[in-house]
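Chemist: Here this note's numbering is used: the first residue of the sequence shown is 377, the next is one more, and so on.
Honestly, the hints are just simulated from the structure, not real lab data. Glycine residues also receive a C-beta, built at the ideal position from the N, C-alpha and C atoms. Hints are supplied without guarantee of correctness; some may be wrong.
Ranges between beta-carbon positions, derived for each pair [to be verified]:
1. Glu737 with Trp462: 35 to 45 Å
2. Pro478 with His636: 48 to 58 Å
3. Trp462 with Glu560: 17 to 27 Å
4. His681 with Glu737: 15 to 25 Å
BS3-like mimics (lysine-lysine), calculated; alpha carbons at most 25 Å apart, straight line [as the list claims (entries may be wrong)]:
5. Lys676 with Lys615
6. Lys687 with Lys676
7. Lys760 with Lys615
8. Lys544 with Lys482
9. Lys488 with Lys544
10. Lys442 with Lys421
11. Lys789 with Lys676
12. Lys488 with Lys547
13. Lys544 with Lys481
14. Lys606 with Lys421
15. Lys481 with Lys547
16. Lys488 with Lys421
17. Lys832 with Lys760
18. Lys642 with Lys615
19. Lys547 with Lys482
20. Lys547 with Lys487
21. Lys606 with Lys442
22. Lys832 with Lys789
23. Lys832 with Lys615
24. Lys532 with Lys487
25. Lys789 with Lys760
26. Lys487 with Lys544
27. Lys487 with Lys421
28. Lys442 with Lys635
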Amino acid sequence: MSRNDMHKLSRETPVAALETPHVTTNPLTPSPTTTGAQMYTFLEKLFPICRSITGDGVRQTHGLIKAELPNLNIQEIPSGTRCFDWTIPPEWNIRDAYLLDPAGKKIADFKKTNLHILNYSTPINTQLSLEELQDHLYSLPEQPDVIPYSTSYYDKRWGFCLAHNERKALKSGTYRAFIDSSLEPGHLTYSDLVVPGQTEQEILISTYTCHPSLANNEASGPTVATFLAKWLLEGAPHKYTYRFLIGPETVGPIVYLSKHLVHLQKNVIAGFNLTCVGDNRAYSYLPTRQGDTLADRIGKHVLSHIAPDFKRYSFQDRGSDECQYCSPNVNLPVVNLMRSKFLTYPEYHTSADNLDLVSAEGLLGALHVHQRAIESLENNATYKATTICEPQLSRHNLRPSLGATKGLSSYYKNISDILAYSDGRNSLLDIAEIIGCPLWELYAIATTIEDRGLLKRID
Numbered sequence: 377m378s379r380n381d382m383h384k385l386s387r388e389t390p391v392a393a394l395e396t397p398h399v400t401t402n403p404l405t406p407s408p409t410t411t412g413a414q415m416y417t418f419l420e421k422l423f424p425i426c427r428s429i430t431g432d433g434v435r436q437t438h439g440l441i442k443a444e445l446p447n448l449n450i451q452e453i454p455s456g457t458r459c460f461d462w463t464i465p466p467e468w469n470i471r472d473a474y475l476l477d478p479a480g481k482k483i484a485d486f487k488k489t490n491l492h493i494l495n496y497s498t499p500i501n502t503q504l505s506l507e508e509l510q511d512h513l514y515s516l517p518e519q520p521d522v523i524p525y526s527t528s529y530y531d532k533r534w535g536f537c538l539a540h541n542e543r544k545a546l547k548s549g550t551y552r553a554f555i556d557s558s559l560e561p562g563h564l565t566y567s568d569l570v571v572p573g574q575t576e577q578e579i580l581i582s583t584y585t586c587h588p589s590l591a592n593n594e595a596s597g598p599t600v601a602t603f604l605a606k607w608l609l610e611g612a613p614h615k616y617t618y619r620f621l622i623g624p625e626t627v628g629p630i631v632y633l634s635k636h637l638v639h640l641q642k643n644v645i646a647g648f649n650l651t652c653v654g655d656n657r658a659y660s661y662l663p664t665r666q667g668d669t670l671a672d673r674i675g676k677h678v679l680s681h682i683a684p685d686f687k688r689y690s691f692q693d694r695g696s697d698e699c700q701y702c703s704p705n706v707n708l709p710v711v712n713l714m715r716s717k718f719l720t721y722p723e724y725h726t727s728a729d730n731l732d733l734v735s736a737e738g739l740l741g742a743l744h745v746h747q748r749a750i751e752s753l754e755n756n757a758t759y760k761a762t763t764i765c766e767p768q769l770s771r772h773n774l775r776p777s778l779g780a781t782k783g784l785s786s787y788y789k790n791i792s793d794i795l796a797y798s799d800g801r802n803s804l805l806d807i808a809e810i811i812g813c814p815l816w817e818l819y820a821i822a823t824t825i826e827d828r829g830l831l832k833r834i835d
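Construct all of the structure, not just a fragment, from the sequences and the given hints.
Modeler: Structure, rendered in C-alpha cells:
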C-alpha cells in the first residue's frame with residue numbers, strides 16, 4: 377500500500393479502527409527513491425554501444441549492468457555449442473566501417489551511428505560501382521528519412537543501411553566499401569542474477585542485450601530490469617525467489633533453457649519479459665500462449681487499474697522472448713507488460729528509436745507497473761473466515777458503532793467484502809477482481825482482519 381493509499385485510508389477511517397493493527401505494508405511497494413531521471417541516465421550509457429548477439433559490445437553492456445548489480449553472474453558459451461535446434465555462431469566484433477562515394481565523401485559512417493552497418497557484416501575493403509553496391513544497401517522506401525536496423529546473423533553478408541532519400545541521391549561512379557570487422561570462434565555472453573526468497577518458487581524476469589542504438593526496443597529493457605533488481609535487493613525479505621536473465625534475444629533464452637529447463641519448469645510460477653518499456657505513449661499487454669496463467673491475471677489486473685486504456689494483444693502478436701518461454705515443450709508462464717509494443721510503433725527498428733523517443737516518465741511508469749505486479753504476487757494470499765455468520769465488526773474495532781445513514785466508506789466496504797468472499801478458495805486476487813478493487817488496496821486490510829482473529833490464512 378502506497379503512502380497516498382495510507383493517507384486516504386486515514387482520512388476515511390476513525391483512528392480507533394486502525395489502532396495497533398499488524399499492517400504489513402509490504403516492503404516491495406513502489407519506492408519513491410528511484411527516479412525516472414536516474415533510469416534515463418543509465419539508459420543513456422547503454423544506448424550508444426554497438427551490440428549484437430555476441431561480441432565486445434555485449435560484454436561492455438553487461439559490465440555496466442554489473443556495476444549496478446555486483447552479484448550479477450556473467451557467463452559465456454563457446455561458439456559452436458549446440459542448444460536444442462540452435463548452434464552458437466561465431467563471435468562478431470567491429471571496429472570501424474564506412475562507405476565513400478565517388479568524390480571521397482563518407483555517406484555511411486559507423487562512428488556516427490552503428491545503425492549504418494548491417495549487423496554481423498563480414499569484413500570488406502573493396503571498390504565497386506553503384507550498380508554493384510545496390511545489392512549491399514538497405515533502406516525503407518516507406519520511411520525515407522530514417523536509417524533501418526538490419527541484421528544477418530546466420531548467413532555471411534556485408535552491407536550498409538541508409539535513409540532511402542539518401543540512397544536515391546547516390547550518383548553513378550566508383551564507391552569504396554570498408555568494414556573492419558571479424559567473425560571468429562568466440563563466445564555468446566549472458567548474465568543471470570538470483571535474488572533468494574523464502575520459498576523455492578520463482579518469478580522469472582527476462583530481458584535482452586543484442587540490439588545496437590535502439591532506445592525503446594533495446595536499452596529500455598535492461599534499464600528497467602536493472603532498477604527492478606536493485607529494488608528487490610534493497611527491500612526486506614520476500615516470499616518468492618527472483619531470477620533475472622539478460623542475454624541476446626531468442627538465442628539467449630534458448631541457451632539458458634538448455635541448461636535450466638527442468639529447474640525452471642518445476643519452480644517458475646510467473647514471469648515477465650521486459651521489452652519496449654521506455655516511451656510514454658501507451659501501455660500494452662501480450663499474454664502467454666494459454667492466456668489464463670497467474671502471470672496473465674496479475675498483468676491484466678495491474679494494468680486495468682494503472683492504465684485502464686492499455687492495449688491488449690494476442691499471443692499471435694508475439695515476437696520477443698515469450699516465443700521461447702511459452703513454446704509448447706517449455707510452457708513457462710511469461711507475459712509482456714510493455715509501453716508501445718514492438719512492431720507497432722513507427723520508430724521501431726530504425727534510427728528514430730532514439731533517446732528522444734524514450735523518457736524518464738515512461739521508464740519509471742514501466743518500473744512501477746512491474747513493481748505492482750511483483751507486490752501483488754507477493755501478497756496474493758488466500759484466507760478463510762473464522763466466524764459463523766458475519767462477525768460483529770464494531771466489537772473488533774473494524775466498523776464504527778454509530779450506524780451510517782448512507783452506506784459504508786470504501787474502507788469498511790472492503791473489510792466486509794474480504795470477509796464475505798474469504799471461503800478458503802478465493803485468493804485476494806480473486807476478491808479484488810470480484811469487487812473491482814486494486815489488489816494492493818486489500819493487503820493491509822486483510823492482515824488487520826487476520827490480526828483480529830477473523831481470518832485465517834490457509835496458503
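Chemist: Each hint should be assessed against the structure and marked as holding or not.
Modeler: We went through each hint and held it up to the structure:
1. The hint said 35 to 45 Å for the Cβ distance between glutamate 737 and tryptophan 462, and at roughly 38 Å that hint holds.
2. As the Cβ distance of proline 478 to histidine 636 is approximately 54 Å, the hint placing it in 48 to 58 Å holds.
3. Distance hint check: the CB atoms of tryptophan 462 and glutamate 560 are about 19 Å apart, consistent with the given range 17 to 27 Å.
4. Between histidine 681 and glutamate 737 the C-beta distance comes to about 18 Å, which sits within the given range of 15 to 25 Å.
5. Proposed proximity of lysine 676 and lysine 615 is supported: the alpha carbons are some 22 Å apart, at most 25 Å.
6. In summary, the hint linking lysine 687 to lysine 676 is supported, as the alpha carbons are separated by about 10 Å, within the 25 Å threshold.
7. Distance check on the hinted pair: lysine 760 and lysine 615 sit about 20 Å apart at the alpha-carbon level, within 25 Å; holds.
8. With a C-alpha separation of about 16 Å, the suggested pair lysine 544 and lysine 482 falls inside the 25 Å cut-off, and the hint holds.
9. About 20 Å separates the Cα atoms of lysine 488 and lysine 544, which keeps this hinted pair within 25 Å; it holds.
10. Of the pairs offered as hints, the one joining lysine 442 and lysine 421 holds, with about 13 Å between alpha carbons and a cut-off of 25 Å not exceeded.
11. Between lysine 789 and lysine 676, the direct Cα distance comes to roughly 24 Å. Compliance with the 25 Å bound is thereby established for this hinted pair.
12. At most 25 Å may separate the alpha-carbon atoms for a hinted pair to count; lysine 488 and lysine 547 meet this at roughly 22 Å.
13. Distance restraint check for lysine 544 and lysine 481: the Cα-Cα separation of roughly 16 Å lies within the 25 Å cut-off, and the hinted pair is therefore satisfied.
14. Distance check on the hinted pair: lysine 606 and lysine 421 sit about 17 Å apart at the alpha-carbon level, within 25 Å; holds.
15. With a C-alpha separation of about 12 Å, the suggested pair lysine 481 and lysine 547 falls inside the 25 Å cut-off, and the hint holds.
16. Proximity of lysine 488 to lysine 421 is assessed by CA-CA distance (about 16 Å); at most 25 Å being required, the pair is judged to hold.
17. Pair hint lysine 832 plus lysine 760 holds up; C-alpha atoms about 5 Å apart against a cutoff of 25 Å.
18. With a CA separation close to 17 Å, the supplied pair lysine 642 and lysine 615 stays within the 25 Å bound.
19. Between lysine 547 and lysine 482 the alpha-carbon distance is near 13 Å, which keeps this suggested pair within the 25 Å criterion.
20. The suggested pairing of lysine 547 with lysine 487 holds, with an alpha-carbon distance near 23 Å, which does not exceed 25 Å.
21. Of the pairs offered as hints, the one joining lysine 606 and lysine 442 holds, with about 11 Å between alpha carbons and a cut-off of 25 Å not exceeded.
22. The hinted pair formed by lysine 832 and lysine 789 meets the criterion: a straight-line CA distance of about 19 Å does not exceed 25 Å.
23. Straight-line distance between C-alpha atoms of lysine 832 and lysine 615 comes to about 18 Å, which keeps the hinted pair within the 25 Å bound.
24. Pair hint lysine 532 plus lysine 487 holds up; C-alpha atoms about 22 Å apart against a cutoff of 25 Å.
25. About 18 Å separates the Cα atoms of lysine 789 and lysine 760, which keeps this hinted pair within 25 Å; it holds.
26. The hinted pair formed by lysine 487 and lysine 544 meets the criterion: a straight-line CA distance of about 23 Å does not exceed 25 Å.
27. Our distance criterion of 25 Å between C-alpha atoms is met by lysine 487 and lysine 421, whose separation comes to about 16 Å.
28. Restraint check for lysine 442 and lysine 635: satisfied, since their Cα atoms lie roughly 22 Å apart, inside the 25 Å limit.
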